[in-house]
Amino acid sequence: MRADVQRVTVLGAGSWGTAFAKVLGDAGRDVTMWARREQVAEDIRDRHTNSAYLPGVSLPATVTATSDPAEATKNAEAVVLAVPSQSLRANLTAWRDLLPPDAILVSLAKGVELGTLKRMSEVIGEIVGIDAGDVVVVTGPNLAKEIAAGQPSASVLACADHERAVAVQRACANSYFRPYTNTDVVGCELGGACKNVIALSTGMAAGLGLGTNTMATLITRGLAEMARLGAKLGADPLTFAGLAGVGDLVATCSSPLSRNRTFGERLGRGETLEQAQAAAGGQVAEGVMSCSSIRALARSVGVDMPITDAMHRVCHEGVDPRQAGAELLGRSQKHEWS
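Here the sequence shown stands for residues 1 to 338, numbered as in UniProt numbering.
Derived by calculation from the structure, the hints in this document are not laboratory data. No false leads were mixed into what you were given.
Derived SDA-like pairs: lysine to any residue, alpha-carbon spacing no greater than 20 angstroms straight-line:
no.	residue 1	residue 2
1	K74	D4
2	K232	G133
3	K145	H48
4	K74	A61
5	K145	A27
6	K145	P60
7	K74	L99
8	K145	R47
9	K232	R221
10	K334	R221
11	K145	P84
12	K145	G14
13	K145	A52
All values reported here derive from a predicted model rather than from experimental measurement.
Using the sequences and the hints, build the whole thing.
Next up, the structure:
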(Lines of atoms letter the chains of each structure in order from A and count residues from 1; the text may use other names and numbers.)
(Lines give C-alpha, C1' and ligand atoms only; values in the text may rest on other atoms or scores of the structure.)
Protein backbone atom coordinates (compact mmCIF):
# COMPACT_ATOMS: atom_id res chain seq x y z
CA MET A 1 0.00 0.00 0.00
CA ARG A 2 1.33 3.43 -0.98
CA ALA A 3 1.14 6.23 1.55
CA ASP A 4 1.11 8.77 -1.31
CA VAL A 5 -1.75 7.92 -3.67
CA GLN A 6 -1.54 9.70 -7.03
CA ARG A 7 -3.47 7.60 -9.58
CA VAL A 8 -7.11 7.07 -8.66
CA THR A 9 -9.93 5.30 -10.50
CA VAL A 10 -13.58 6.17 -9.85
CA LEU A 11 -15.94 3.41 -10.99
CA GLY A 12 -19.25 5.17 -11.51
CA ALA A 13 -20.08 8.53 -13.05
CA GLY A 14 -23.20 9.57 -11.22
CA SER A 15 -23.45 12.85 -9.34
CA TRP A 16 -21.55 11.80 -6.20
CA GLY A 17 -18.93 9.80 -8.09
CA THR A 18 -18.33 12.80 -10.35
CA ALA A 19 -18.19 15.22 -7.43
CA PHE A 20 -15.67 13.02 -5.61
CA ALA A 21 -13.58 12.74 -8.78
CA LYS A 22 -13.51 16.55 -8.87
CA VAL A 23 -12.44 16.62 -5.21
CA LEU A 24 -9.56 14.27 -6.03
CA GLY A 25 -8.62 16.25 -9.14
CA ASP A 26 -8.64 19.52 -7.21
CA ALA A 27 -6.36 17.83 -4.66
CA GLY A 28 -3.84 17.26 -7.46
CA ARG A 29 -4.56 13.58 -8.20
CA ASP A 30 -4.74 11.95 -11.63
CA VAL A 31 -8.26 10.55 -11.91
CA THR A 32 -9.78 8.15 -14.44
CA MET A 33 -13.53 7.67 -14.23
CA TRP A 34 -15.51 4.75 -15.59
CA ALA A 35 -18.92 5.57 -17.05
CA ARG A 36 -21.37 2.93 -18.19
CA ARG A 37 -22.40 5.03 -21.19
CA GLU A 38 -19.71 6.09 -23.67
CA GLN A 39 -21.56 9.36 -24.22
CA VAL A 40 -21.02 10.29 -20.55
CA ALA A 41 -17.36 9.21 -20.72
CA GLU A 42 -16.83 11.30 -23.85
CA ASP A 43 -18.42 14.33 -22.19
CA ILE A 44 -16.04 14.04 -19.23
CA ARG A 45 -12.99 13.23 -21.33
CA ASP A 46 -13.42 15.79 -24.10
CA ARG A 47 -15.36 18.63 -22.47
CA HIS A 48 -14.40 18.20 -18.79
CA THR A 49 -18.00 18.17 -17.67
CA ASN A 50 -20.71 15.65 -16.84
CA SER A 51 -23.79 17.34 -18.19
CA ALA A 52 -25.96 14.28 -17.53
CA TYR A 53 -25.44 14.37 -13.75
CA LEU A 54 -23.71 17.62 -12.76
CA PRO A 55 -24.51 20.16 -15.46
CA GLY A 56 -22.57 23.40 -15.32
CA VAL A 57 -19.70 21.95 -13.27
CA SER A 58 -16.22 22.14 -14.77
CA LEU A 59 -13.95 19.20 -14.00
CA PRO A 60 -10.17 19.57 -13.59
CA ALA A 61 -7.95 18.72 -16.55
CA THR A 62 -6.51 15.85 -14.50
CA VAL A 63 -9.90 14.06 -14.59
CA THR A 64 -10.58 11.87 -17.62
CA ALA A 65 -13.01 9.03 -18.37
CA THR A 66 -13.59 5.83 -20.30
CA SER A 67 -16.38 3.30 -20.72
CA ASP A 68 -13.87 0.43 -20.55
CA PRO A 69 -13.43 -0.75 -16.94
CA ALA A 70 -10.12 -2.49 -17.74
CA GLU A 71 -8.70 0.76 -19.08
CA ALA A 72 -10.08 2.69 -16.13
CA THR A 73 -8.48 0.49 -13.48
CA LYS A 74 -5.07 0.04 -15.13
CA ASN A 75 -2.24 1.07 -12.75
CA ALA A 76 -4.66 2.52 -10.20
CA GLU A 77 -3.31 3.03 -6.69
CA ALA A 78 -6.80 3.52 -5.28
CA VAL A 79 -10.17 2.44 -6.72
CA VAL A 80 -13.29 4.31 -5.67
CA LEU A 81 -16.56 2.35 -5.94
CA ALA A 82 -19.25 4.89 -6.78
CA VAL A 83 -22.29 2.78 -7.68
CA PRO A 84 -25.60 2.40 -5.76
CA SER A 85 -25.57 0.04 -2.79
CA GLN A 86 -27.99 -2.51 -4.21
CA SER A 87 -26.05 -2.86 -7.48
CA LEU A 88 -22.59 -2.92 -5.88
CA ARG A 89 -22.36 -6.72 -5.68
CA ALA A 90 -23.17 -7.31 -9.36
CA ASN A 91 -20.87 -4.54 -10.57
CA LEU A 92 -17.95 -5.49 -8.35
CA THR A 93 -18.24 -9.16 -9.31
CA ALA A 94 -17.71 -8.10 -12.94
CA TRP A 95 -14.77 -5.85 -12.01
CA ARG A 96 -13.07 -8.07 -9.44
CA ASP A 97 -10.36 -9.48 -11.70
CA LEU A 98 -9.52 -6.01 -13.04
CA LEU A 99 -8.59 -4.50 -9.68
CA PRO A 100 -4.85 -3.95 -9.12
CA PRO A 101 -3.91 -6.21 -6.18
CA ASP A 102 -2.32 -3.43 -4.11
CA ALA A 103 -4.94 -0.75 -4.77
CA ILE A 104 -6.79 0.79 -1.82
CA LEU A 105 -10.53 0.17 -2.22
CA VAL A 106 -12.79 3.09 -1.34
CA SER A 107 -16.59 2.88 -0.99
CA LEU A 108 -18.96 5.78 -1.61
CA ALA A 109 -22.12 3.64 -1.38
CA LYS A 110 -24.47 4.11 1.58
CA GLY A 111 -26.81 1.24 2.34
CA VAL A 112 -27.38 -2.26 3.69
CA GLU A 113 -27.64 -5.00 1.09
CA LEU A 114 -31.04 -6.65 0.69
CA GLY A 115 -31.03 -10.34 1.49
CA THR A 116 -27.56 -10.62 3.03
CA LEU A 117 -28.03 -7.60 5.34
CA LYS A 118 -24.35 -6.80 4.87
CA ARG A 119 -22.81 -3.34 5.02
CA MET A 120 -21.03 -2.16 1.89
CA SER A 121 -17.52 -2.82 3.23
CA GLU A 122 -18.61 -6.37 4.04
CA VAL A 123 -19.93 -6.86 0.51
CA ILE A 124 -16.68 -5.57 -0.96
CA GLY A 125 -14.56 -7.73 1.32
CA GLU A 126 -16.55 -10.84 0.47
CA ILE A 127 -16.37 -10.37 -3.30
CA VAL A 128 -12.75 -9.25 -3.55
CA GLY A 129 -11.51 -11.64 -0.89
CA ILE A 130 -10.02 -9.11 1.50
CA ASP A 131 -10.67 -8.12 5.08
CA ALA A 132 -13.65 -5.74 5.17
CA GLY A 133 -11.61 -3.64 7.59
CA ASP A 134 -9.23 -2.76 4.76
CA VAL A 135 -11.97 -0.91 2.81
CA VAL A 136 -12.07 2.86 3.25
CA VAL A 137 -15.63 4.16 3.61
CA VAL A 138 -16.47 7.75 2.67
CA THR A 139 -19.47 9.16 4.49
CA GLY A 140 -20.86 12.31 6.08
CA PRO A 141 -22.85 15.24 4.63
CA ASN A 142 -22.08 14.58 0.96
CA LEU A 143 -24.54 16.60 -1.14
CA ALA A 144 -22.81 16.28 -4.48
CA LYS A 145 -23.91 19.54 -6.06
CA GLU A 146 -22.63 21.66 -3.17
CA ILE A 147 -19.29 19.85 -3.01
CA ALA A 148 -18.86 20.08 -6.78
CA ALA A 149 -19.47 23.84 -6.49
CA GLY A 150 -16.52 24.07 -4.10
CA GLN A 151 -18.60 24.93 -1.04
CA PRO A 152 -16.80 24.13 2.24
CA SER A 153 -17.59 20.62 3.40
CA ALA A 154 -16.21 17.91 5.69
CA SER A 155 -16.49 14.14 5.46
CA VAL A 156 -15.36 11.03 7.28
CA LEU A 157 -13.00 8.34 5.96
CA ALA A 158 -13.68 5.24 8.02
CA CYS A 159 -11.32 2.27 7.99
CA ALA A 160 -10.11 -0.19 10.60
CA ASP A 161 -6.64 0.24 9.07
CA HIS A 162 -5.87 3.84 10.03
CA GLU A 163 -2.94 4.10 7.60
CA ARG A 164 -5.21 3.37 4.64
CA ALA A 165 -7.64 6.05 5.77
CA VAL A 166 -4.77 8.53 6.11
CA ALA A 167 -3.53 7.70 2.59
CA VAL A 168 -6.98 8.49 1.15
CA GLN A 169 -7.25 11.54 3.40
CA ARG A 170 -4.06 12.95 1.89
CA ALA A 171 -5.30 12.16 -1.60
CA CYS A 172 -8.60 14.04 -1.35
CA ALA A 173 -7.99 16.92 1.06
CA ASN A 174 -8.17 20.30 -0.68
CA SER A 175 -9.14 23.92 -0.03
CA TYR A 176 -12.87 23.19 0.28
CA PHE A 177 -13.03 19.50 1.23
CA ARG A 178 -11.82 18.53 4.71
CA PRO A 179 -11.75 14.76 5.39
CA TYR A 180 -11.48 13.32 8.90
CA THR A 181 -10.48 9.74 9.71
CA ASN A 182 -12.39 7.32 11.93
CA THR A 183 -11.80 3.65 12.78
CA ASP A 184 -15.48 2.95 13.62
CA VAL A 185 -16.53 1.50 10.26
CA VAL A 186 -19.71 -0.07 11.65
CA GLY A 187 -21.03 3.19 13.06
CA CYS A 188 -20.06 5.24 10.02
CA GLU A 189 -21.69 2.84 7.56
CA LEU A 190 -24.87 2.45 9.61
CA GLY A 191 -25.17 6.23 9.91
CA GLY A 192 -24.82 6.62 6.15
CA ALA A 193 -27.42 3.95 5.45
CA CYS A 194 -29.99 4.87 8.08
CA LYS A 195 -30.05 8.60 7.34
CA ASN A 196 -31.48 7.90 3.86
CA VAL A 197 -34.51 6.26 5.47
CA ILE A 198 -35.05 9.10 7.94
CA ALA A 199 -34.75 11.60 5.08
CA LEU A 200 -37.62 9.80 3.36
CA SER A 201 -39.72 10.39 6.47
CA THR A 202 -38.90 14.11 6.69
CA GLY A 203 -39.69 14.45 3.00
CA MET A 204 -43.04 12.78 3.52
CA ALA A 205 -43.76 15.11 6.42
CA ALA A 206 -42.97 18.12 4.21
CA GLY A 207 -45.21 16.71 1.49
CA LEU A 208 -48.01 16.47 4.03
CA GLY A 209 -47.54 20.16 4.86
CA LEU A 210 -46.06 19.60 8.30
CA GLY A 211 -43.56 21.99 9.83
CA THR A 212 -40.32 22.38 11.72
CA ASN A 213 -41.39 20.68 14.95
CA THR A 214 -42.25 17.53 13.03
CA MET A 215 -38.96 17.65 11.11
CA ALA A 216 -36.97 18.07 14.32
CA THR A 217 -38.86 15.21 15.93
CA LEU A 218 -38.18 12.85 13.03
CA ILE A 219 -34.50 13.80 12.83
CA THR A 220 -33.84 13.34 16.55
CA ARG A 221 -35.91 10.17 16.92
CA GLY A 222 -34.30 8.87 13.75
CA LEU A 223 -30.91 9.55 15.30
CA ALA A 224 -32.02 7.54 18.36
CA GLU A 225 -32.98 4.64 16.07
CA MET A 226 -29.66 4.50 14.27
CA ALA A 227 -27.73 4.87 17.53
CA ARG A 228 -29.64 1.95 19.09
CA LEU A 229 -28.87 -0.24 16.10
CA GLY A 230 -25.24 0.86 16.09
CA ALA A 231 -24.80 0.14 19.80
CA LYS A 232 -26.23 -3.35 19.33
CA LEU A 233 -23.78 -4.04 16.49
CA GLY A 234 -20.73 -2.71 18.31
CA ALA A 235 -20.46 0.86 17.00
CA ASP A 236 -19.02 3.72 19.04
CA PRO A 237 -21.94 5.92 20.26
CA LEU A 238 -19.82 9.05 19.65
CA THR A 239 -19.84 8.32 15.92
CA PHE A 240 -23.52 9.23 15.72
CA ALA A 241 -22.83 12.66 17.22
CA GLY A 242 -20.36 13.40 14.42
CA LEU A 243 -20.30 13.94 10.67
CA ALA A 244 -21.29 10.36 9.82
CA GLY A 245 -24.28 10.57 12.16
CA VAL A 246 -26.02 13.85 12.93
CA GLY A 247 -24.05 15.73 10.25
CA ASP A 248 -25.19 13.50 7.41
CA LEU A 249 -28.67 13.22 8.92
CA VAL A 250 -29.26 16.99 9.07
CA ALA A 251 -27.98 17.57 5.52
CA THR A 252 -29.97 14.74 3.95
CA CYS A 253 -33.16 15.43 5.87
CA SER A 254 -33.27 19.18 5.29
CA SER A 255 -31.89 19.88 1.82
CA PRO A 256 -33.93 20.04 -1.40
CA LEU A 257 -30.79 18.62 -3.06
CA SER A 258 -31.32 15.35 -1.18
CA ARG A 259 -32.84 12.71 -3.47
CA ASN A 260 -34.26 10.83 -0.48
CA ARG A 261 -35.96 13.88 0.97
CA THR A 262 -37.45 14.97 -2.38
CA PHE A 263 -38.57 11.41 -3.14
CA GLY A 264 -40.31 11.23 0.23
CA GLU A 265 -41.92 14.61 -0.36
CA ARG A 266 -43.55 13.30 -3.53
CA LEU A 267 -44.89 10.30 -1.64
CA GLY A 268 -46.25 12.63 1.04
CA ARG A 269 -48.10 14.61 -1.62
CA GLY A 270 -49.88 11.43 -2.68
CA GLU A 271 -47.76 10.21 -5.58
CA THR A 272 -47.20 6.50 -5.97
CA LEU A 273 -43.76 4.93 -5.78
CA GLU A 274 -43.81 4.59 -9.57
CA GLN A 275 -44.80 8.25 -10.08
CA ALA A 276 -42.07 9.45 -7.71
CA GLN A 277 -39.54 7.27 -9.50
CA ALA A 278 -40.57 8.62 -12.90
CA ALA A 279 -40.26 12.19 -11.61
CA ALA A 280 -36.74 11.34 -10.39
CA GLY A 281 -35.68 10.33 -13.88
CA GLY A 282 -36.28 6.64 -13.28
CA GLN A 283 -34.04 6.51 -10.21
CA VAL A 284 -35.23 5.10 -6.90
CA ALA A 285 -33.88 6.83 -3.79
CA GLU A 286 -31.52 4.66 -1.76
CA GLY A 287 -33.78 4.87 1.29
CA VAL A 288 -36.64 3.12 -0.52
CA MET A 289 -34.62 -0.10 -0.65
CA SER A 290 -32.61 0.45 2.51
CA CYS A 291 -35.70 0.80 4.70
CA SER A 292 -36.42 -2.88 4.05
CA SER A 293 -32.88 -4.18 4.60
CA ILE A 294 -32.30 -1.99 7.67
CA ARG A 295 -35.63 -3.09 9.15
CA ALA A 296 -34.67 -6.72 8.61
CA LEU A 297 -31.23 -6.14 10.15
CA ALA A 298 -32.77 -4.42 13.18
CA ARG A 299 -35.28 -7.21 13.67
CA SER A 300 -32.52 -9.82 13.44
CA VAL A 301 -30.78 -8.30 16.47
CA GLY A 302 -33.92 -7.27 18.38
CA VAL A 303 -33.73 -3.48 17.90
CA ASP A 304 -36.89 -1.38 17.63
CA MET A 305 -36.82 1.10 14.70
CA PRO A 306 -40.39 2.45 14.34
CA ILE A 307 -39.66 5.18 11.76
CA THR A 308 -37.77 2.72 9.58
CA ASP A 309 -40.61 0.24 9.90
CA ALA A 310 -43.12 2.93 8.94
CA MET A 311 -41.12 3.86 5.84
CA HIS A 312 -41.00 0.21 4.77
CA ARG A 313 -44.76 -0.09 5.12
CA VAL A 314 -45.40 3.12 3.16
CA CYS A 315 -42.98 2.21 0.36
CA HIS A 316 -43.66 -1.51 0.07
CA GLU A 317 -47.01 -2.29 1.69
CA GLY A 318 -49.11 0.60 0.40
CA VAL A 319 -49.73 2.24 3.79
CA ASP A 320 -50.80 5.88 3.50
CA PRO A 321 -48.20 8.33 4.93
CA ARG A 322 -50.86 9.98 7.13
CA GLN A 323 -51.79 6.62 8.61
CA ALA A 324 -48.12 5.81 9.22
CA GLY A 325 -47.68 9.13 11.02
CA ALA A 326 -50.74 8.57 13.19
CA GLU A 327 -49.47 5.13 14.15
CA LEU A 328 -46.08 6.54 15.14
CA LEU A 329 -47.74 9.11 17.40
CA GLY A 330 -50.09 6.49 18.83
CA ARG A 331 -47.36 4.16 20.05
CA SER A 332 -47.19 3.40 23.78
CA GLN A 333 -45.62 6.09 25.97
CA LYS A 334 -41.99 5.56 27.06
CA HIS A 335 -38.90 7.20 28.51
CA GLU A 336 -36.92 9.12 25.87
CA TRP A 337 -33.80 6.97 26.17
CA SER A 338 -35.42 3.57 26.61
